Amino acid sequence: MLKQLSRSDLEQLLEAVAKNYALQVPQLLADGTRQLGPYDNAELSLSGQPLQRKPTSYFFPQTELLLTLDAAGNVQQPPPAEKPLALFGMDRTDLAALTFLDQFFMAPPADDIYLHRRLNALLIGLTGDAGPDSSFLPLADDGCDIELIAINQKWLALGHSEAGKSLLRKFNDGDDKQLVTLRKASRDQPSDLLQQASQLLHDDLVPDAFWEEIADRCILCSGCNLACPTCSCFCLQDRQTPNGTERSRVWDSCQLDAFMREASGHNPLGTEALRTRRRIHHKLVADVERWGELGCVACGRCDRACPTGIGMFAVAEEMVERFGLRS
Amino acid sequence: MTATLTTCPYCGTGCNFYLKADKTGRVTGVEPAGKHPTSRGQLCIKGWNAHAFVDHPERLTTPQIRQRGQLNAAGWETALDLVHEKLQGIAEKYGPDSLMFLSSAKVSNEENYLLMKLARAGFGTNNIDHCARLCHSSTVTGLVETLGSGAMTNSLSCFDETELIFVIGSNTTEQHPLIGSRILQAVQRGAKLIVADSRRIRLAKQADLHLRQQNGSDVALLNGMMRQILQDGLEDREFIASRTEGFSALEQSLDPFTPEHVSKITGLMPNQIVDAARLFGKTDKAMIVYAMGITQHSHGVDNVRAVSNLALLTGNLGRPGTGVNPLRGQNNVQGACDMGALPDVYSGYQKVADPVVREKFSKAWGCNLPESPGLMSTHAIEAAVEGKIRGMLILGENPMLSDANQAQVKQALENLDFLAVIDIFPTETAQLADVILPAACYAERDGTFTSTERRVQHGRKAVDPPGEAQADWQIVCQLLQRCGLQSDYADPAEIMTEIASLTPSYGGIAYDRLSDNGLQWPCPTSDHPGTPILHQDQCTRGKGLFSPVDYRPPKELPDADYPLLLNTGRSYFHWHTGSMTRRSHLLDREERSAFVEINPEDAKKYGFVERQQIRISSRRGSISCAAQLTGKVPVGQIFIPFHFAEGAANALTNNALDPESGIPEFKVCAVRIEPC
Amino acid sequence: MHQPARNQQSIYAPRPCRLLSVTELTPNEKLFRLQLCDKTELQHQPGQFVQISIPGLTEAPISVASSPTRKGYFELGIRKAGQLTSALHRLQAGAQIGIRGPFGRPFQLDALDGKALLLIAGGCGLAPLRSLIQYCQDRSDEFASVQIFYGARSPEDLMFQQDLSDWQSSHNFSCRYTVDNKPATSCFDGETGLITNLMNDIQVEAENCCAVIVGPPPMYHPVIASLRQLGLNKPKQIMLSLERQMRCGVGKCGHCSIEHLTCCCDGPIFWLEEVEHLRGAL
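Chains as they are written, first to last, in numbering that gives the first Met the number 0: chain A, 0 to 326; chain B, 0 to 675; chain C, 0 to 281.
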C-alpha cells in the first residue's frame, strides 16, 4: 500500500497516532542535536543529523524497574504503561537495530519486560530526503509499521503492517514509479568495510598486539556500548526503599573490568586488550555465528560517542588497512 | 520522558548532557550533548552514570537536629532558627571570627556568592573558604603573582592545535577524562607528549618522554629544564624582552640546577632532563598541563611559580595552543573561587583588604564589612582544635574524608560548640553535625557553573528534590533573611544579576546570554564575547613576572621507621569522598572497597599477594586495605585513593601546609606496611 | 510478534524458598538445604544452577549440589566470596530467600548411560559435581563404573568429607582425593599433590569411558591433558562445567558470554569440543 502525504496529511496522521499511542517525534534540541521526544510540546524536525539518543532506549532504557520485593518475598511488578509507544523518525539503521534487538530479547525464554514495552508499539520510519541538509537516506522497506519517505516536501507512505495500513487508509495513493526509483537509489552495498573486518577477525588474522594498542587508547568511558543500539548487556541493581526492594536493570558495558570479574577475583576478560577485542569481535563475528548477521548496523553512534577515536568504524578501518589482503 | 540539558556534576571539564527523567519525576539516564564544544557527544564513565545517585534511597529528605546525642527529624523553620541562633550566639560571645564557613565547589556560583555574603555581611567574618584550599590554592596564589590571574590561561580547543603537551602531575585520562582524551587525540594527529609523573599513568604509554621523577622534586626538574633551555639558547628572547620582568633574577637562580644535580634530586637520568628541555624548548606551541601533582605540596606555590617561569621563558603564553593550564578538579571549583568563597577576596578576586572594594560591597549589601582577611580552611581546623573556632557551617563538603590528617579533623569538628551541615547524603562529616539541612542535588536546581576553561554555563533543574530537601540557594537565603539582609531573590538568575553588578570579570554574564554554550570570563560587559585565551597582548598584571624558586624537599620523607612514600589521589571510577559515586551502581561495582597500589617488587619483599588485606601506618594514623600489585607505582612508593571511609587515605596524610597557600602535602608522606 | 501470556510471572521474579538447614562444610563453605515455599520440587537436572536472590544484594548464580532423585529438598554448597554469599552465610534455618531457576544445560545424562565415568572436581567444583554423583549413586545400575577424583587446596578445604567416605564404599564407586599442600601441623594422612597425580596410574577402557570435569579455571588444561593421555580422544568423551558470572540465567544480560555462546543457556555444561577452540573459554 503506497500513499502520498502532504505536510498537513502528515500532521493529521500524527494526530491520529497520538490518540492511541504515547507518540515520540524527532525534535531539534537546544544543543543542536536531534532526538525523539514527546509529541505534545514539539516542533517536528523532519530532516537532519541522525537521532543522538538511540531510539531502542525506549524499549530497553538505561535504568528500568523490573520488580519490587517486599519483606515477605512477595513480588510486585510495575504497572503497565497507559498507552503503547509510537516512535516516529527512525532511519534504516535504527530500524535494523530494533529488529536485531527484538530477535535477541524474544529468543526463548522471551524477556517479558522488553516485550511489554515493545508489544503493540507502533514504528513510523523516516527515510528519503531526511538526512543532514535533506540528503538522501536509503529506504528501510521493512522493520516498521509505516515508512514515510521524504521527497520534495512530501512523503510517500508505505504501510508495512495491518496497524500501519489502517492508519494510512484515508490518504491519497502515491506513485509506484517514484517508489521504484527510490528503491533503486537505496540499493547501496552493505558496508564492505565491516564485512572485511569481520572476515579478518573470523580468520584470526588480527594479532593480540593490535588489541593492546587500541586498548591503550581507550579511557573506559563505556560510551561505545551505551550509545550502541544493538548492545543489550545489563546488570541488576537493588535499592531498598520504604516500599520494599526495587530491583532494576541498568545498562552495562563489557569494557569494564568488573563486567565479568567473579567474586573470587578471577576474570575471563581480565585485560583491557581482551575487552577491547570482545567489543569488536562480538559484533562482527560472534553475532554472525549466533544470529546470522552482523551485530553492527553501521549507525556510527559509537564512533561519535568515543572520545579517543576508536569506535567500530575507526577500528575496522585500521584493522583492514593493516591486516587486510593487499591486492 | 523529559530531557534536560545540564552541566556534569563531577570534574571541572564542564561537559554537558541531557538528563532523562520519566513521568514519575525520576531520572533514568544520561545522553551526552552532541554539539557542545566540550562534550561533543561524549562523556566519561562518571558522566554516563551521573543520574545514578540522584534518587538513591539514602538521600537526606528532612532537616535533622541533634538532641541528647541523637539526630531527629525537625521542621525547616525550627532547624533554620536554631542554626541562626547558635551561630549568632557564638559570634556575640566570642566574636564573629570564632565562626567558620565552608562553601562548596559542588554548588553553583550563585550559591557560593550567597554563602560568602552570609559569612561577611550576615555574621561579620571573612572566615570563609572551600575545598580549593585543598586542590588549587597554590595555583591561585602562584599565578596571581606571576600572571595576575589564577586560572587556566587557555581553552580546551587549544589541545586541537598545539604541537606539544607537557603534562606534569595530572592523571588526565582518569581525572579529566574528556581532556585526557583530547590529549590522546592530539598525539594521534602527531603532537608530542611529555609526561612527568612518578606513576605510569595511561598517558605515559603514549608519551614521547615519560619522566618518573621523585614525588615532590618538581621544582628541581623544572629548574633543570629551564637551565638547559638557556644553555641551548632555546628561550624566547623576544617574548622575554617585551612581555616579562625579572628575567635576570631567574637566570641566576637556575645556575645550580645542572642535569647532574637535578638527577640526584629527582632520580631521573641527566639525559632525560636534557631531552625534555630540548623537546619542549624547540617547539613553537606548547601547552603545560598540571593538577594536584604540582599543587598538593608544602611547596605547592613554588611548583606553580616554576611552571609559570617555564611558560614565560619559552613564550608559551597568550597564543592558541600554548599556556599554563591548571586543570580544576570539581565542576564548580573555578566558580567557587571566582565567587569569593575564599578568606581574602570577594567575588572576582577583589581583595577584602582594599577599602575601595570593601566600600563597594558594603554599599551594595547595606552593612559594614570586616577588614582583615579570614582563616583558610586548613588553618580553621587547627584553630578549632585550639578552641578558637567554635561554630561552623559546612555546605556540601566532607572534610572528614577529604582533609589531611583525619584524626585532627575529627578532633576539630568534635571540639566545636556548634556544627551545621548542608548536604545531600549523610556523609561522615554530617554524622558529627548538630543540625543537618537536606539539599537539592545538581539535578534538582538551577544555577551556573564555571568550568576549568572559565566557561560559565547553565546547570538546570530536571526533577524535584526528594522529600523536603531544598536548593542550597534557598536555604542560604533563609539564613540571610534571619540576619536581616536582603534575600528575596526570585531565582538564581536574579542572584547572577547582583553578582555581575559587583564583579568586573563577570560583568557581562547574564542568564539570557548563556544558552549557547556559556561564556568564558573575563566577560566585563553585556556585549563582550568572552575570553577564550588570557594574557594575549599583555598579562592581567601587566608584565609576566619571573618568580625564581629554590628546591625545598617535602616535609616528611621515608626513613627507617616509615620506609615507603605514600602518594594519594583519586581513581577513575570514584569521586572524592565517594558520597555520590559509591551510591552509583556501576561505579561502585567497579571498585567496591579501599585498595592500595603497590609495586610487585615491594609486594614480593613483604610477601604480599594480590587482594591481600594489608595494614598501612603513618605517624598520624593507620588503615587497612586490599593490595593491588601493579607496576603503575614505582618501587618504594604506594598509592591510595582517598574515596573510601573504611580505608581512609587521609588518616595517614601529612597536614604540613604550604606557608603561602595553606595547602596540605597530600602527595608525600612516609608510611610503613605490614600484614593485617 | 507473538504475544506472551500477560498473567505469567516475569522471568526475573524470584520464588520464595525456605532454608531447612545449614551445615558447615569447611571454614569458608556451607551447605544450604532448601525447599520451595509451595513445597513443590525444584525439578532440576544435575548440573543446572539457580539464581539466589537476597533483597538489597541482587542475585548470585549457584549450582545445585544435590540430585533430583533426592526428593523434598535441594542443596547448595556455597563459598563465602562476595557480598551476597557472605550474607547467605549469616542466615540460619528457617530463613526465607528468593530463587529463580533452575537454569542452564545439565550434564548430558543420556551420553553417560552405560559408560565408565571419571568424575573430576577441584575446589568448590565438587558441589555441582555432587548432584551428578548422587544421581549415579541412586541409579548405579545405569553406569558401568564411577571413579571420583577430587582435589582441594588443603585438608581443611576438603568439602563433603562424610560424602567422600560414603562414595568410597558405594557399589560400583571408587573415590580418591588429594590436597595441594598439607601444613606440617596437619594430622591429615591422605594423599598430597595435584589432582592429575591421582589419574596417572589408573586403568581405563578409554573406548567406553566418559569424563566430567568441574573445577577452578587453572585445573582444566592439565586435567584434559591427562585424560587425553588415558586415551579419551573422541568427541563426547569429555564434558565440563564452565563457571561464569551469570547474572540473569536466561541469556539476556551478557555477563556470561563466551564468544557466541552464553554460558547460562548453552552451558554451563559443555562438551570439550564445543568450547576448546573458543578464546577465553578454558
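Keep in mind that a hint or two might mislead.
Listed below are the simulated DSS-like cross-link pairs for lysine-lysine, each with C-alpha atoms no more than 30 Å apart in a straight line [what the hints assert, rightly or not]:
no., chain 1, residue 1, chain 2, residue 2
1, A, K82, B, K263
2, C, K181, B, K604
3, B, K603, C, K38
4, B, K92, B, K204
5, C, K38, C, K70
6, C, K79, B, K603
7, B, K359, B, K92
Here are some chain A residues pointing at chain C (derived, C-beta under 8 Å) [unchecked claim]:
no., residue
8, V74
9, Q239
10, V249
11, C253
12, M259
13, L273
Since the hints were made in silico from the structure, they are not lab data. None of these values were measured; they are calculated from a predicted model. Note that beta-carbon positions come from the ideal geometry of N, C-alpha and C, so glycine has one too.
Here is how each hint holds up against the structure:
Among the hinted pairs, K82/A with K263/B is inconsistent with the structure: their alpha-carbon atoms are about 73 Å apart, more than 30 Å. A hinted pair counts as satisfied when its Cα atoms are at most 30 Å apart, and K181/C with K604/B qualifies at roughly 25 Å. Restraint check for K603/B and K38/C: the C-alpha separation of about 54 Å exceeds 30 Å, so the hint is violated. Restraint check for K92/B and K204/B: the C-alpha separation of about 59 Å exceeds 30 Å, so the hint is violated.
Under the criterion of a C-alpha separation no larger than 30 Å, the hint pairing K38/C with K70/C is consistent with the structure, at around 11 Å. Between K79/C and K603/B the CA atoms are separated by roughly 27 Å; this keeps the pair inside 30 Å, and the hint holds. For the given pair, K359/B sits about 29 Å from K92/B by alpha-carbon distance, which is consistent with the 30 Å threshold. Contact between V74/A and chain C, as hinted, is supported at the beta carbon level, the nearest pair being about 4 Å apart and thus within 8 Å.
For Q239/A, the suggested interface contact is upheld, since its CB lies about 5 Å from the closest CB of chain C, less than 8 Å. Proximity of V249/A to chain C is violated relative to the hint, the smallest CB-CB distance being about 10 Å (cut-off 8 Å). Satisfaction of the interface hint for C253/A is found here, the shortest Cβ-Cβ separation to chain C being roughly 7 Å, below the 8 Å cut-off. Annotation: M259/A was flagged as interfacial toward chain C, and the flag holds, the nearest CB pair being 6 Å apart, inside 8 Å.
For L273/A, the suggested interface contact is upheld, since its CB lies about 7 Å from the closest CB of chain C, less than 8 Å.
Going down the numbered hints, you'll see the structure goes against 1, 3, 4 and 10, while the others check out.
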